[in-house]
Structures are given as structure tokens and as C-alpha cells.
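Chains as they are written, first to last, in our numbering: chain A, 1 to 179; chain B, 1 to 179; chain C, 1 to 179; chain D, 1 to 179; chain E, 1 to 179; chain F, 1 to 179.
You may find that some hints are simply not true.
Just so you know, same-sequence chains aren't split out, so a pair can sit in one copy or run between any two.
What the hints assert, rightly or not - Calculated pairs, BS3-like style, for lysine-lysine (alpha carbon to alpha carbon, straight line, at most 30 Å):
(1) 141 x 113
(2) 165 x 73
(3) 111 x 173
(4) 165 x 111
(5) 111 x 137
(6) 141 x 92
(7) 73 x 163
(8) 144 x 92
(9) 113 x 163
(10) 163 x 111
Because the hints were derived from the structure by calculation, they are not lab data.
Remember, it's a predicted structure, so these values are computed and weren't measured experimentally.
Protein chains: 6
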Amino acid sequence: MDTEILKYMEPKPASESLTIMTDLVLPQETNPLNNLFGGELLARMDRACSIAARRHSRRIVVTASVNNVAFTKSIPLGSVVTVEAKVTRAFKTSMEVICDVWIEDRESGEKTKANEGIYTFVAVSEMGSPIGVPLLKPETKLEKERYDGALRRKQLSLILSGKMKPEDATELKALFMKE
Amino acid sequence: MDTEILKYMEPKPASESLTIMTDLVLPQETNPLNNLFGGELLARMDRACSIAARRHSRRIVVTASVNNVAFTKSIPLGSVVTVEAKVTRAFKTSMEVICDVWIEDRESGEKTKANEGIYTFVAVSEMGSPIGVPLLKPETKLEKERYDGALRRKQLSLILSGKMKPEDATELKALFMKE
Amino acid sequence: MDTEILKYMEPKPASESLTIMTDLVLPQETNPLNNLFGGELLARMDRACSIAARRHSRRIVVTASVNNVAFTKSIPLGSVVTVEAKVTRAFKTSMEVICDVWIEDRESGEKTKANEGIYTFVAVSEMGSPIGVPLLKPETKLEKERYDGALRRKQLSLILSGKMKPEDATELKALFMKE
Amino acid sequence: MDTEILKYMEPKPASESLTIMTDLVLPQETNPLNNLFGGELLARMDRACSIAARRHSRRIVVTASVNNVAFTKSIPLGSVVTVEAKVTRAFKTSMEVICDVWIEDRESGEKTKANEGIYTFVAVSEMGSPIGVPLLKPETKLEKERYDGALRRKQLSLILSGKMKPEDATELKALFMKE
Amino acid sequence: MDTEILKYMEPKPASESLTIMTDLVLPQETNPLNNLFGGELLARMDRACSIAARRHSRRIVVTASVNNVAFTKSIPLGSVVTVEAKVTRAFKTSMEVICDVWIEDRESGEKTKANEGIYTFVAVSEMGSPIGVPLLKPETKLEKERYDGALRRKQLSLILSGKMKPEDATELKALFMKE
Amino acid sequence: MDTEILKYMEPKPASESLTIMTDLVLPQETNPLNNLFGGELLARMDRACSIAARRHSRRIVVTASVNNVAFTKSIPLGSVVTVEAKVTRAFKTSMEVICDVWIEDRESGEKTKANEGIYTFVAVSEMGSPIGVPLLKPETKLEKERYDGALRRKQLSLILSGKMKPEDATELKALFMKE
């Protein structure tokens, strides 16, 4: 393994993958209640998260799964929406990316969190086969919390899709056992 | 409560909400590998699932969350893609909807499952406030399995978003305790 | 001619080409009266019919002509629209495809026919030259009626485009002579 | 009936409705063979024809039917496409509009006719009910030919949709009788 | 230099590049005030001007700069908009193109100028390197005025982007010196 | 004038309007050379700049003019593009906004400036009439340089559109006189 590759493999801070996508809610992206369509927001979040995953891995990345997206607040036509995505943890060839979605009040300038999404991406070679990615180094309090939760979320996702048995999900089991 | 409302409230078979959305993968929906963009597929699935939820509830519905979408197979430009969505379980004002995504080989006509998505929708009044929906009656084997898993998935989602404590998730706890 | 090709050439039932495309009317598809744009509906119908033609022929297909589309009912923003397309008759390398467009009332669930379109597709090789397609076997009453009318419609289309003289249109002539 | 309305009702030359729509074929409008999608071209033609109908009637217009569109020549990505639409005949509240589609060779500048479409539009009031339109005065040889054929095409369309009996289609009958 | 190339190089009248793009303002192109988005109009103007530059040069052309676009009048949803573009002057490998944007009143048919844009395009070979274009011969009064102003605008643009020193902009200097 | 309004009117640092729009180049946004379309980039820049103007003024803003956009570097399909917009100077009711466009190399992560655009926006009331905006306080070296150049650019724009006589453009005159 040559030095160039090794360099890629050094753990990288979460902040290096930060991706900010600010844009308007356009008329073609709204539902009959004049709010941003769930599906359109999912597509924006997917693009922002994929750029974060690409910035961390410096590879071509493809969406592996959407683990959870909660739509807590509707986003009206004409809003300024900011999607902020950051890699939260890197595994062998995959990365969990979380994005927070903010809207801002035009008159006060105040920002409110509208929702949050958890995506998983896989790095692939030009031929499309999975390829290793550098580890992630969380630094802030929030980055550390999200880093810690990532393995638990990964196990949940594997159980839900039938790829892992509940008894093998050691981290998760502890969660339910502890009380 | 008048008769009209009661009628809506009778349990309805899952099959009544079946929604089939067959369409091509157009050039504007592909990523640099010439496959359907993750984000675009999420948007299509969201629309198909929302129609299924609307057919079950006969109400305006809004996306509450995407619980899990796994992208197991890439879908190339020009493919014929079929999204089949059905409500799997109804709660007080929300519905879990699962959609299966199929692609078909042009020459053999054979269908392959490309991926699967789990969404939650909430029925709302014209004013946007949550409103009750009829219960769901699963009939086939698959409908019953998905119905049974729905409560477990709901608890998981509530725990992940911090709205439920693990010790209160009775169904889930059983899952991890049983062995 | 080898067996594989012969197999393709066996007459196929109309039902095998059935294509169902259910989708919402999105804001970007509406005209100033807030109804689905004629042009947008034409594009949707063209996609649904091309999938039906592809399912029948298992070939690449290209639109040869739109023979008749009548817009009898306007389709408002937010509607659930179902386009159902089926091959009605196959000729040497071309297929007539008819699609019916339905909208459904959200509250009653009732379906109303909004319009109907008649398209012709040609099957082509990878190089773009016309290629033979299997014959079609109509089964239901409606399939048979549409099958019978197809030749008449083909002759009309050829006369309109100046490719056939009225005196050679035997089927059509009979129509006007019979009374 | 006041003078203002009478003025609208004077026959108008076909040339007053001429609408020229020149545009590029963009990547999002192509099919897997890299040619302009049939459906996309139908939408462009519909927009050009609707503007021609609006210019003739000075009313809101809605597409009533597509009577015939033949795709004789495929239009590759990057082409410069010109759609030229003109009203060919006006009836009580409806207008037949024909559009010719041209592509031009970049190097020689030569123009070739790619296809032709026949649409019918209805003029409507702000409330959506049909409203009278001025008559059309054809001037050139082509305008006169198309004007003459319009009634025949209208009868054909009515017969095809079951709204007229063949024996009442006097113009058409003559066509088949004459030989 | 062979005759074919020489022929291309003969000065061509401005009228040969005239490009007319008439289209509707669609719902997906409007801003929250229900007027055509500045950005969308810029894209339409860019396409119309690029076709004019291509018609003059018969080459592939790429946008080099937008020199000035003034939005003097807002364009409401549903308007019929006509963009008219013409090359105003050709330099060695670049062309200045000006387009005028008109909207028309549905009821009176009257046309009003909504805005005007000045773009610069460069002709390139298939490999993407700049390539010579024919000179332009202005004929009408307006064509001559715009031709005369083009060099002045070019110098301004070069000064603004720091590629020319004010003292070398002889044409411009004269403008400020003359009084 | 009440305190609330006065507060809006306090000069605000340029950094408060900073808007970052990172996104991919999607297939539907490319030209025949597979690079981002000039017109599409203009639309993105317009949206980013309008958000910056809105953040500074906290008003509805409309594009008044595009003063200069130079396309110095083509942006290939699949690129990660970052548009960074900041208000450079505020006048009575209008603001000049400059945006820089960056692309980044996937493998090295290196950022290169692809182009730059200068736009002018006007703040308007809900009724669409111009309304006052706070002054701008430049802080960094680049912010100060751009602030200083803004008045000169404004005069140029007014002269070009015939709204100012060259002899009244005091700032500009000095530029040409000084040597």
C-alpha cells in the first residue's frame, strides 16, 4: 500500500465533510398545501449528504440507504432552506451522513430546525465496486454523540432488513438491557 | 359521530390502497454512473406511498417520516420501473406504507426487485391538523407479516428520535429479550 | 429463423402489455387555470403507451404518431391520475396503443374517465431500423372492439398524411358505403 | 352586441396567429437513443399551437384534442428546433391549429421538416365556458389547402370519437364517393 | 485556406442570425410574486442568444459572458413571452448578441418590451478550442447603432474584469472626454 | 420612524449576507459538450444572490439587473459546484451582490474558481414597490475593494442603459482622466 493511499486513510475530522446547500423553495417543488414536497426535500438531502460523503472519501459515492428522515415542520413556498450535511461515522466502505434542515424567517432572520435525515453512502471505484474510506474523527460534542449512536443505528438497520439477528446486535441489546 | 364518518372508520383491506406507478427512467433523473439518482427514486416512492395513504384514508396526507429505504440494486437509464405501494398498518392518525420497487428486463420480461421503502404518512384536515383514519385489515401472508412488524418499527423510530424510552418499547424489548 | 425468435412471434394477449401509471398532478404541470397542461398529459400518455408497446414487443420502441387524443375533462392540480395503456393491435413492425386516463375523487374514491389517447409505436433494432413484432390476441369485449377499429384508424391516418388514396382504404370505404 | 365585440369577430388572416418557437433540444428531453422524446415534442407543439390559438381568439384557450401528429424524423440532442404554428380554420368556439417542426443543419444552415401536428383548441371565458371566436381568412396557397381540409378532419375526429354518424359526414362521404 | 472556409468568412447580414423564441411562462418558472424568475429568464435568453450565435457562425458556441441584462418589467405567470436575439457584432472568435424580450397583452394583442440582454459567445471547434467567425454586416438603423456600441461595451467588460487598462480603451475614453 | 425600522437601517456587515449554495451538476443541466449550461448557472447564481440580498435587507427582493458574468472555466457534469454570494454595497433601495463560483477536484479536494457574477437586486414591499435597505459595512480587504468598485459599476450600467450621461459619472470619469 503506497503512501498516497495511506494518506487518504488517515482519520479525518467531521468538519472537513461539512456541506452547506442553501436554496429557495421553488413553485415546482410544492405540494397542494403550498409546502415543499416530502419527496423533493428527500432528493435535496440526498444530494447534500452525497457531497459530504464524497468530500470525506474523495471517491464516487452511491446512496446505500435512508435510515430515518422525520418531517417535523412543513416548509412553505418561497422559504430559504439550508441543508447542512456532515459525515458522522465511517465504517469499512460505508459512511453514515446526517443532515439538518433549517429555515429562516425573512423578517427576523431567525433560524428554525425543520427536520433531520440519516443517510448511508458507500464509496465505489470507477467500476462500481465498494472501496475503503478513511476513518472519521468527531470533534464537537454533537459530532461525538452522533458518532456514538451510528453503530447502534447501523445494527438496527441490519435487523430491520433481516441481515442481522437481534441477539448479535450487542450495542442495541445493551440499550434495552440496561434498565 | 355520524354514519358517514363511521363508514370511513370501518377497517379496510390493504389491497384497497394498492398503488402502481410504472414509468421510465428519464435522462434528467440519472447520476454520473447513468443510474437513477437515489434522491429521484426517493421522490417517486414518496409520491406512490402518499397516493396509497390517500386511498386508504381519503384524506389529504403529508409525509411524516421515511423509516427505511435500502438501495440494493442500481437502476440504469431507460429502465421500466414499477413502484408498488400499499398501506401496511394504520394507527390513530398515521399510516405506515411500504413500497416495493421492481425493474423488468426488456428482452425476457423478467421482473427483479430493486429496493424497498418504508414511509409514514399522517392524514390531515384542510386546515392541516391531524385527523383519524380507518384501521387496516391485512389479508395475504405478506400483508400480515408487514402488519405485525409495523408496531415494532414505529417504536424503533420513536426511540431513534428520542420520543420514547427504550424501556417503554414493549414489543421491541421482547425481540431482544427472547433469546 | 431460430426457436427463440419464433417464440417472440407467437401472438400475445393484450393483457400482457397492460401498463398502469398512477401519479399526482404536480404544480409544475399545470396551466393558468390550475389544471394539468395538455402538453404534460400528452407526454405522460406517450411514456405509458411506449412501455405497453415495449412490453408487447420486447424491443426498443419509438413513437410513430399520435392518432387521436381528446381532452374531455380537465384535471385539477393535486389530482391522482391513472393512465392505463394497452396494445390494441400489432401490425408488421408497428403497434397501436390506446390509453385511458382516470381521475379519482379523494373523498368518495370514485373513478371518472378524463380522456383517451391513441398512439402508434414502431419497434426498432439497436441501430434504429424497424423490426418485426408478435401479433396481438384480443380477449375481452373492449379489446376486441378496439382491435377491430385499429385497421380503420390506420387507413384514416395514412389518408390524412397523403400516404394512401381514399379508394384503397377498403375498410373505411365500407364504413361510409354501408348506409 | 357592442362594437368592441364585433371588432373581435371580423375574420382575421391566418398570418396574424403565426407563432415561432425556436429552442434547443436539451439533455433532459431525450430518450435512450439520444433523440428528442416524442412526449416532450408533443408538449412543445401544444404550447406553440395554444399561443397561435390565443393570438387568433385573444381568449384563454384550452387543448380540446390532438388530431394527428406524425413523427417522421428523429431529432437528435443539441438540435435547433423550430416549431411554427398557425390557426388553419376557426369554427364557432374552436380552432384547428397546424404546426410544422423544422430542424436545421448547423454547418450548412439548411432546414428540414421533421414532423407536423394537428391540434384543436377551444376558447373559454375566465369561468371556463366556451366562447365565440372570429373566423379565419386563409391567404396563401398552403393556408387555403389546410383551411379546406379542416372540416373533413373535424368530421373524421367526430366519427372516431363516436360523436357523429358516418352518414352525416357529408364532406367525408364525398371523398370516398368521388371515385 | 480553401473556398468552403472562405465562404463562411464572408460578412453576413445581422438578419441571418435572427432567432425568435415564443413561449408561455409556466408555473415552475415563477417566483413568490407569481412573476417569471429572473434566473429562468436569463436561461431562456442564453438559449435564444446561443442559437443566434450558432446561426451566424455555424459552429458550436459557448457563453463567454453576460454583459448586461436589465429587468425593467416583471412578467406574470401565463404571459406569452417572445425573445428575439440577433448577433450585433462579430470579433475574431467571439460575437456580441443582443436579445429583446417582449410580452403581449392577450386582449389587445399589443406588445410591450419587458427587458433586454447583452451576451457574448465564443465559437469553438469540436475539441473546444476557439475558432474564427465571419464578420457581421449591420443593415437597419438599430443594427448599426448596436454594432457601433459593441466595441465600447467590449472594452468596458475587459476593464471590469481587469483584462484591459482604462488608458488603452480608446473608444471609451473618447466617450468621457468628448464633453 | 419607529425603533424597529431604525434597527433595520443600521449598517450591517457584508458577512451577514453570506450565502453558500453547494450542489451537484445534474444531467439535465448540461450542454452538448457535457458541461453545465451557461443559462442554468445564471439561474443558480441568481437564486444564491437573491438569498444574500434578502438576508441583508430582510425584504422581498427582485432581480434588477445582471451587470456582468464571465464564464472563464467550463464545469463538467457531476462536478460539485459552490456558489458563494455576498452583498457588496447597498444603495437607497438596491443592492449589488457578487457571487464567486468554485468547483472542487474530487480526488485532491482542491478548489478552483470557475467564474464570478455581479447582480443588482431591489428590495420591494409586499405590494411590489421599492423600499429602503440598510447600508453595508465592508470588513475584509476583498469586501472593501468590491465596495469601492460598486459605485463605478453602477454608473457604467446607468450609462450603458442610457439613464445617465457620461459627464455626470464623476467616479468613472476620474478613472479615465487619471492617466
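So, going through the hints one by one against the coordinates:
1. In this assembly of identical chains, residue 141 and residue 113 lie within 30 Å of each other by CA distance solely inside one copy; the values are 18 Å within and 34 Å between copies.
2. Taking identical chains as interchangeable, the C-alpha atoms of residue 165 and residue 73 lie at most 30 Å apart only when they sit on different chains, with a minimum of 23 Å there against 35 Å within one chain.
3. Taking the shortest alpha-carbon separations for residue 111 and residue 173, neither the intra-copy value of 37 Å nor the inter-copy value of 38 Å comes in at or below 30 Å.
4. Taking the closest pair of Cα atoms, residue 165 and residue 111 come within 30 Å of each other only across two copies (29 Å); inside a single copy the shortest separation is 42 Å, beyond that limit.
5. In this homomeric assembly, residue 111 and residue 137 come within 30 Å of each other (Cα to Cα) both inside a single copy, at 28 Å, and across copies, at 23 Å.
6. Taking identical chains as interchangeable, the C-alpha atoms of residue 141 and residue 92 lie at most 30 Å apart only when both belong to the same chain, with a minimum of 24 Å there against 37 Å between chains.
7. Proximity of residue 73 and residue 163 under a CA criterion of 30 Å is satisfied inter-copy only: 16 Å between copies versus 33 Å inside one chain copy.
8. Proximity of residue 144 to residue 92 under the C-alpha cut-off of 30 Å is restricted to the intra-copy arrangement: shortest distance 19 Å within a copy versus 36 Å between copies.
9. In this homomeric assembly, residue 113 and residue 163 come within 30 Å of each other (Cα to Cα) only across copies, at 17 Å, whereas the closest approach inside a single copy is 33 Å.
10. When the C-alpha separation of residue 163 and residue 111 is checked against a cutoff of 30 Å, the pair qualifies only between copies, where the shortest distance is 23 Å, while the shortest distance within a copy is 40 Å.
Of the numbered hints stated above, the single one contradicted by the structure is hint 3.
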